[in-house]
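Peer 1: Work out the full structure, taking the sequences as your base and the hints as a guide.
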Amino acid sequence: MIISASTDYRAAAKAKLPPFLFHYIDGGSYNEHTLKRNTEDLSDIALRQRVLKNMADLSLETELFGEKLAMPIALAPVGLTGMYARRGEVQAAKAAENKGIPFTMSTVSVCPIEEVAPAINRPMWFQLYVLKDRGFMRNVLKRAKAAGVTTLVFTVDMPVPGARYRDMRSGMSGPNAAMRRVFQSMRHPSWALDVGVLGKPHDLGNISTYRGEPTKLEDYIGWLGTNFDPSISWKDLEWIRDFWDGPMVIKGILDTEDAKDAVRFGADGIVVSNHGGRQLDGVLSTARALPDIADAVKGDLKIMVDSGIRTGLDVVRMLALGADCTLLGRSFIYALAAQGQAGVENLLDLYNKEMRVAMTLTGAKTIADLNHESLVKIG
-16 MIISASTDYR AAAKAKLPPF LFHYIDGGSY NEHTLKRNTE DLSDIALRQR VLKNMADLSL
44 ETELFGEKLA MPIALAPVGL TGMYARRGEV QAAKAAENKG IPFTMSTVSV CPIEEVAPAI
104 NRPMWFQLYV LKDRGFMRNV LKRAKAAGVT TLVFTVDMPV PGARYRDMRS GMSGPNAAMR
164 RVFQSMRHPS WALDVGVLGK PHDLGNISTY RGEPTKLEDY IGWLGTNFDP SISWKDLEWI
224 RDFWDGPMVI KGILDTEDAK DAVRFGADGI VVSNHGGRQL DGVLSTARAL PDIADAVKGD
284 LKIMVDSGIR TGLDVVRMLA LGADCTLLGR SFIYALAAQG QAGVENLLDL YNKEMRVAMT
344 LTGAKTIADL NHESLVKIG
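Residues -16 to 362 (the working numbering) are what the sequence shown spells out, left to right.
By construction, these hints were calculated from the structure, which means they are not laboratory data.
Do not take every clue at face value.
To be verified - Straight-line distance between alpha carbons at most 20 angstroms, and here's what the computed PhoX-like set of lysine-lysine pairs gives: (1) Lys243 <-> Lys36; (2) Lys36 <-> Lys348; (3) Lys82 <-> Lys51; (4) Lys51 <-> Lys348; (5) Lys243 <-> Lys199; (6) Lys336 <-> Lys82; (7) Lys199 <-> Lys183; (8) Lys19 <-> Lys(-3).
Unchecked claim - Quick list of simulated restraints, FRET-style, between CB atoms: (9) Lys199 <-> Val340: 40 to 50 angstroms; (10) Asp27 <-> Asp212: 34 to 44 angstroms; (11) Arg33 <-> Trp217: 37 to 47 angstroms; (12) Leu41 <-> Pro184: 38 to 48 angstroms; (13) Gly157 <-> Asp212: 19 to 29 angstroms; (14) Lys183 <-> Arg105: 39 to 49 angstroms; (15) Asn210 <-> Val180: 23 to 33 angstroms; (16) Gly249 <-> Asp212: 43 to 53 angstroms; (17) Val359 <-> Arg152: 38 to 48 angstroms; (18) Asp251 <-> Asp219: 10 to 20 angstroms.
The C-beta atom is built at its ideal place from N, Cα and C for all residues, glycine as well.
Peer 2: Here you go:
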C-alpha cells in the first residue's frame, strides 16, 4: 500500500479496523459540530504567498523545553493506541524517535511505561489525568520519573467523559458491546490476527501494573467514569508541581483566562485543545481559540495546539496563528492502524514535505518566521 497524501490514511484505517475501533478514534461528542469545525475552520485560514525569497536554507528545526525537535510536531497522547496496531505505543514511539520528535504516552495506554521507555533512546513525554485515585497518580508519576520521562502533560478538560454517541452505536460501549466487538473482529481478519491475537495482552497497562491485575477493555469505560474527578481545581495540581521537577504542560486550555491561570500556576506550557471535539460539543475550534490565547500569554510559556490538524499545511497555519508546536492525535493513529510504525514514519515524512512547500511559498525560512504576517485577513 502506497500512501501519497497524509489524508489518505483515514480511509486505509477505516478499511482495516473493526468499526468499534475506527469510530472510537474518528468520532466526537454529541452531534460532532466541534469535531467538524476543528478541520473546517483551520482549512479556512489563508496563508500569504511570497516569492523570490531565496529559501535554500529553510529549516524546520525548533527547541522545546530544552529538547531539539526536527520539526514542531509531537505525537499526542491517545488512549488505547495499542489496539490500533500490535503493541502500538511501542511502534509509535519508535517512529517518533526515528523522525526526531517526542512521543507522548497516554495514562490509558495498552502498553505500560515499563514496556515503551526501554524500546527507545529518546526520552518520552507522559500524559496524566487528575483522578480520584491519588494513589495511582503518585504511583504512575514515580514510575514515569524512573523511566526517564522528561515532560509531564496534564489533561484537564476531562473531569467527566463526554457524551460520545458514536461509541454506543459502534459497539465500543452500549448493549451487547462485547459480543458486537467479537463479531466485528471476525470480519476484519488482518486486524484480528495482528492485534487481536498477536498483540495481547489487551489491557490498560499502566493501570494494571498499579492494581496488580488486568484492567481489560470491557472495564475501560467503567473505570474512566468512576475515576475522573469533577471536583478538580488548580489546587489539586499543586502537589504534583512540587513533586515533578521537569517541564509540566497543561492540556485542554480553550479560554484566555484559563491560559493566564496556567501562567500564574507556573506551568511550562499549555496545549490549546478541545480534546479533538470529543468532550464539549459547540465550543470553539482550536484554530479560532488560539490567536487570542497567544496574544494573552505568548512568551510566558510554550503554546502547543491540537485538534483538527491533518496535514503539514495545517501545522504551518497553527504556527502562524501563534503556536510554538503542534500535537498530532487522530492523524498518526490512522497511519499506525494502516501500516504500523512504517505508516507513522511515512506520515511524518509527508508532513515534513508539506511544511517545506508551505514555508517556501510564504517566505518563512525558520519556524520563528511564521507569525501573523504569514496570514491573509479575509473579510
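Peer 1: Please go over all the hints and tell whether each is borne out by the structure.
Peer 2: Cross-check of the supplied hints:
1. Pair hint lysine 243 plus lysine 36 does not hold up; C-alpha atoms about 37 angstroms apart against a cutoff of 20 angstroms.
2. Distance restraint check for lysine 36 and lysine 348: the Cα-Cα separation of roughly 9 angstroms lies within the 20 angstroms cut-off, and the hinted pair is therefore satisfied.
3. Taking the CA atoms of lysine 82 and lysine 51, the gap is near 12 angstroms; set against the 20 angstroms cutoff, the hint holds.
4. At most 20 angstroms may separate the alpha-carbon atoms for a hinted pair to count; lysine 51 and lysine 348 meet this at roughly 17 angstroms.
5. For the suggested pair lysine 243 and lysine 199, the alpha carbons sit about 39 angstroms apart, so the restraint of at most 20 angstroms is broken.
6. For the hint pairing lysine 336 with lysine 82, the CA-to-CA distance comes to about 13 angstroms; that is within 20 angstroms, so the pair holds.
7. For a cut-off of 20 angstroms, the pair hint linking lysine 199 to lysine 183 stands: about 11 angstroms separates their Cα positions.
8. Between lysine 19 and lysine -3, the direct Cα distance comes to roughly 18 angstroms. Compliance with the 20 angstroms bound is thereby established for this hinted pair.
9. A C-beta distance of roughly 45 angstroms is found between lysine 199 and valine 340, which places it inside the suggested range of 40 to 50 angstroms.
10. Between aspartate 27 and aspartate 212 the CB atoms are about 37 angstroms apart, so this pair conforms to the stated range of 34 to 44 angstroms.
11. Distance hint check: the CB atoms of arginine 33 and tryptophan 217 are about 43 angstroms apart, consistent with the given range 37 to 47 angstroms.
12. In this structure the supplied range 38 to 48 angstroms holds for leucine 41 paired with proline 184, their Cβ-Cβ distance being about 45 angstroms.
13. In this structure, glycine 157 and aspartate 212 meet the distance hint of 19 to 29 angstroms, their C-beta atoms being roughly 25 angstroms apart.
14. Between lysine 183 and arginine 105 the C-beta distance comes to about 27 angstroms, which lies outside the given range of 39 to 49 angstroms.
15. For the pair asparagine 210 and valine 180, the supplied restraint of 23 to 33 angstroms holds, since their beta-carbon distance comes to about 30 angstroms.
16. Checking the proposed 43 to 53 angstroms range against glycine 249 and aspartate 212 shows it is violated: the Cβ atoms sit about 21 angstroms from each other.
17. At roughly 41 angstroms, the beta-carbon separation of valine 359 and arginine 152 lies within the given 38 to 48 angstroms, and the hint holds.
18. Between aspartate 251 and aspartate 219, the C-beta spacing of about 18 angstroms keeps the proposed range 10 to 20 angstroms intact.
This entry does not satisfy hints 1, 5, 14 and 16, going by the numbered hints stated previously.
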